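**Q** Going line by line, the protein sequences match chains A and B. The opening residue of the first sequence carries number 1 in the working numbering; numbering runs sequentially from there. The opening residue of the second sequence carries number 1 in the working numbering; numbering runs sequentially from there.
Treat the hints with care, as some may be off.
Each pair may be met inside one copy or between any two copies, as identical chains are not told apart.
[Stated by the list, open to error] Pairs of lysine to any residue residues, derived as SDA-like cross-links and limited to a Cα-Cα distance of at most 25 Å, are as follows:
id, residue 1, residue 2
1, K231, R220
2, K231, R269
3, K231, P177
4, K231, G267
5, K231, R287
6, K231, A282
7, K231, A82
8, K231, A216
9, K231, L284
10, K231, A265
11, K231, S102
12, K231, A253
13, K231, P285
14, K231, R263
15, K231, A260
16, K231, A272
17, K231, G257
None of these hints come from the bench; they were simulated from the model. Since this is a predicted model, take the numbers as computed values, not measurements.
Protein chains: 2
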Amino acid sequence: MVETGGAPLRAAVVGTGLIGGSILLRLHRAGLPVSGWDPDPATRAEGRRQGLTFPDELADAVRDRDVVFLGAPLAALPEMLARIGAGTGADCVLTDVGSTKSAVAAAATAHGLAHRFVPGHPMAGAERAGLVSAVPDLFAGAAWVLCPTAETLPGPFRKLAALIVDVFGARIVPMSPTVHDSVVALASHVPHLLAGGLAGATAGSPVRDAVLGLAAGSFRDGTRVAGTPAKRTVDMLLSNRAEVLAQLAGVTAFLDGLTAALRSADGDRLLAYYRRAQALRASLPERRFTRSRRSFPLAGPLDEELRFLLELGAAGGHLTGCEVRDATVTYLVHRPDDDEPGGDGVAPLG
Amino acid sequence: MVETGGAPLRAAVVGTGLIGGSILLRLHRAGLPVSGWDPDPATRAEGRRQGLTFPDELADAVRDRDVVFLGAPLAALPEMLARIGAGTGADCVLTDVGSTKSAVAAAATAHGLAHRFVPGHPMAGAERAGLVSAVPDLFAGAAWVLCPTAETLPGPFRKLAALIVDVFGARIVPMSPTVHDSVVALASHVPHLLAGGLAGATAGSPVRDAVLGLAAGSFRDGTRVAGTPAKRTVDMLLSNRAEVLAQLAGVTAFLDGLTAALRSADGDRLLAYYRRAQALRASLPERRFTRSRRSFPLAGPLDEELRFLLELGAAGGHLTGCEVRDATVTYLVHRPDDDEPGGDGVAPLG
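Starting from the given sequences, assemble the full structure and let the hints guide the process.
**A** Shown next, in the form of structure tokens:
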């Protein structure tokens with residue numbers, strides 16, 4: 001049981017779609033007192049129907065809470081942050097679940113909440129929607145980015161990290177907002193663009209019907225996230241525009257190289273490109289991690305702990321434990337083993 | 001039991017990797033006399049270890065057979081076709097499983113085998129490899145393209161269609177070689193290019209390690225077929241070069257439109273693009289078919305039957321039955337219901 005000073009942690013979730021709703025269900029199942037709120041009255045009614053606490057007023061949902069998760073859409077985050085900041089106590093930890101982090105971090109600073117807001121991003125379940133699709137085990141084993149700062153590290157970050165590991169079974173990936181936005185541009189947003197391009201082009205193609213008839217694994221996989229609600233995808237892309245365009249340029253350049261090699265029927269060059277791609281893909285399910293423990297004195301200094309955390313996330317590592325005891329914080333660390341990045345295709349291809 | 005003139009059909013499979021091996025296992029499980037051959041002695045030994053008939057000489061494997069499946073790699077098909085044509089009787093039906101059809105159809109014509117060669121393409125299981133990965137149920141419910149001609153329709157096509165439906169439980173999609181190659185360029189080969197671009201660009205990215213750490217569904221799905229053995233992907237792309245480049249141009253144009261809208265932060269336009277993409281993706285798992293029976297007199301004329309078959313495949317339909325009885329051939333036909341192609345995004349966007 002997650003506790004704060006002996007009493008169970010009191011939580012709220014504001015915005016209870018698929019992600020927020022799944023957080024709410026998990027907290028409820030864990031036996032924590034948790035209230036939910038959503039701007040949609042039908043969602044609040046659905047929540048009550050499921051036996052959850054869903055007051056009609058936002059202020060009633062977040063009052064006297066130790067932690068509030070913001071599941072609101074990206075565009076609504078800055079305003080919701082201000083409202084929730086005003087309705088919660090000075091010790092209440094705030095976090096969000098949005099798919100980009102720099103903008104919301106800046107909004108928290110602008111609202112004077114930077115000392116208790118920890119930007120967050122659980123990486124799970126983008127293609128369904130709504131509280132009705134929510135499931136409490138959505139985050140088991142999933143990566144959950146948290147962005148620590150020197151200001152939030154001592155209290156809010158550690159409290160939230162412990163909660164997310166203990167209650168959700170997620171892997172904490174510590175990252176700065178700017179590194180996060182650059183990484184998800186390539187890990188998630190560009191894949192959404194490619195899927196949109198493939199599905200959209202097929203919709204207008206003269207061979208559309210026959211393509212649907214023959215669509216096997218590669219087409220189904222390559223278009224799956226095009227099934228995400230369009231508005232959500234568009235908001236996500238717009239919120240990370242510069243980084244998405246920058247990472248897309250890298251993918252387009254590689255694709256142009258592939259295309260040029262295909263056009264000139266250069267089999268050797270195509271093979272070099274595809275060996276590089278194959279090695280990268282092979283390293284995905286086969287990643288091996290070395291586990292270790294790393295402790296820091298609670299009294300600080302904080303810069304070493306912060307540097308350690310941010311370096312771990314950038315290296316592809318994560319945390320599966322965060323324990324505060326005897327004036328020490330101890331992290332359970334998973335650092336990826338060196339997998340000879342890129343294999344035989346690592347030399348520049350031109 | 002599939003029979004020919006009362007006796008069970010005798011089959012052979014030449015080239016027993018994942019696809020050929022799975023065909024062999026299924027025929028064997030169905031109780032048909034079937035022999036296998038592979039140029040790799042270790043594969044032949046593995047086949048014998050599994051209790052299958054695997055002579056050392058190709059000629060011994062294909063002699064006195066009613067049907068031979070060619071599972072050889074694309075590059076080896078023309079030569080293998082000539083050898084197998086010479087080693088089999090005038091009534092022996094030949095088919096292949098390659099991922100493009102125009103080149104092998106031309107090779108069959110060049111070798112004087114067009115009257116008994118039916119180009120084929122089962123759409124299943126591209127990312128594994130080898131007889132050790134073969135499973136007999138690989139094709140259950142899968143699309144299996146067959147290319148009929150007026151010449152092969154009366155005997156070889158109908159015999160093969162019945163075998164594939166009855167023994168493999170696959171859906172027969174009748175198509176001409178040129179339509180097939182154009183459709184698979186968009187349904188399979190362009191997805192392989194996009195996956196290669198995403199995986200290859202990530203391999204060389206400075207944020208590679210962090211991307212692997214955060215890789216969620218969209219990245220895993222978007223790179224999955226980049227895990228296909230590189231040589232096989234390259235041979236497939238090269239064998240369908242012109243069509244792949246043509247279909248890629250359409251996808252790139254749509255992607256350029258998406259990118260331009262993102263660059264200019266045009267949310268409305270992005271939304272229109274993504275609604276089109278979402279509608280296409282939504283139509284994939286929700287396809288509904290109307291079943292019917294269609295009969296033709298065995299005595300012909302054949303042009304009406306051929307036109308019917310090719311039109312059905314181009315419309316995204318398929319066959320799940322082919323029965324010859326009382327001087328009539330009867331097909332069990334599945335034709336997709338009209339699903340308002342493209343939804344609200346069907347108007348030209350660009």
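**Q** Confirm or reject each hint.
**A** Now the hints, each set against the structure:
no.: 1; hint: K231 <-> R220; in the structure: both (21 Å within a copy, 22 Å between copies)
no.: 2; hint: K231 <-> R269; in the structure: between (40 Å within a copy, 11 Å between copies)
no.: 3; hint: K231 <-> P177; in the structure: within (23 Å within a copy, 40 Å between copies)
no.: 4; hint: K231 <-> G267; in the structure: between (41 Å within a copy, 9 Å between copies)
no.: 5; hint: K231 <-> R287; in the structure: between (34 Å within a copy, 24 Å between copies)
no.: 6; hint: K231 <-> A282; in the structure: between (33 Å within a copy, 15 Å between copies)
no.: 7; hint: K231 <-> A82; in the structure: within (23 Å within a copy, 56 Å between copies)
no.: 8; hint: K231 <-> A216; in the structure: between (27 Å within a copy, 20 Å between copies)
no.: 9; hint: K231 <-> L284; in the structure: between (30 Å within a copy, 20 Å between copies)
no.: 10; hint: K231 <-> A265; in the structure: between (40 Å within a copy, 14 Å between copies)
no.: 11; hint: K231 <-> S102; in the structure: within (20 Å within a copy, 42 Å between copies)
no.: 12; hint: K231 <-> A253; in the structure: between (28 Å within a copy, 22 Å between copies)
no.: 13; hint: K231 <-> P285; in the structure: between (31 Å within a copy, 21 Å between copies)
no.: 14; hint: K231 <-> R263; in the structure: between (37 Å within a copy, 17 Å between copies)
no.: 15; hint: K231 <-> A260; in the structure: between (35 Å within a copy, 17 Å between copies)
no.: 16; hint: K231 <-> A272; in the structure: between (38 Å within a copy, 10 Å between copies)
no.: 17; hint: K231 <-> G257; in the structure: between (32 Å within a copy, 17 Å between copies)
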